[in-house]
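> Residue 2 is where the sequence shown starts when you use my numbering, and the numbers rise one by one after that.
Hints may be right or wrong, so weigh each one.
Claimed, not checked - Okay, derived cross-link-like pairs now, DSSO-like style, lysine-lysine, Cα gap no bigger than 27 angstroms in a straight line:
| no. | residue 1 | residue 2 |
| --- | --- | --- |
| 1 | 56 | 8 |
| 2 | 36 | 56 |
| 3 | 36 | 144 |
| 4 | 144 | 102 |
| 5 | 19 | 54 |
| 6 | 8 | 19 |
| 7 | 10 | 54 |
| 8 | 36 | 8 |
| 9 | 112 | 19 |
| 10 | 112 | 102 |
| 11 | 54 | 112 |
| 12 | 112 | 56 |
| 13 | 36 | 19 |
| 14 | 54 | 8 |
| 15 | 19 | 56 |
| 16 | 102 | 19 |
| 17 | 56 | 102 |
| 18 | 54 | 36 |
| 19 | 10 | 56 |
Please keep in mind that the hints were generated in silico from the structure rather than gathered at the bench. All of these numbers come straight from a predicted model, not from anything done at the bench.
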Amino acid sequence: MSSPREKQKLATRDRVRKAALELFSSAGFDATTTKAVAERAEVATGTVFVHAKDKVDLLCLVMHDRLEEATTTAFTTLPGGASLREQLLHVFGGVLAMYGKAPELAAPFIKHLPGATGPNAERVNALTFDFLGRLAALIESAKARGEVDDDVSSLAVASNLFALYFFALFSWIGGFVSHEGIMPALEGSFDLQLRGLRTRRVDTTHS
């Protein structure tokens, strides 16, 4: 059971998170200062840094729960009997839909995440590693169904797919593709990746 001090700390953290969310959404990430977040949350500026290392880490605090919910929902609602391709499009499509609902948060988050540090950034990174593990599990299941060659590394494939997805995200926030255009582009990239993973029958006619 949480102590009164722990409950107060969690309540303050939630106020800081909500204040940051409101300001990042209305004023924009670049224009928002940690001082403004503190004033909106009605806490001292130093209190903000108890819960986040810096402004980028504060953005990670805002995005963590959204990202966790989107990924959990995507994996727990996988359609039964779906192929690996269908599963991948379902999972990544769910996460992309979450980003599309709040582009004012998604753009700076995607831009700054690769170099982000701090406790909240670490929690987001933990989500990413968990995501990769779940992708690898899907690929292992696809191997058992004969969709993917047994010789390939499931984790390496998961990493490749994630890299294609992250590139697509950067193309979006860079203005090279619309949010609606991400999935068609990703489908093409995934199809090319999956084509090279299919099981190969050994030709014994000339042996």
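> Please name the hints from earlier in the document that this structure breaks, with their numbers sorted from lowest to highest.
3, 4
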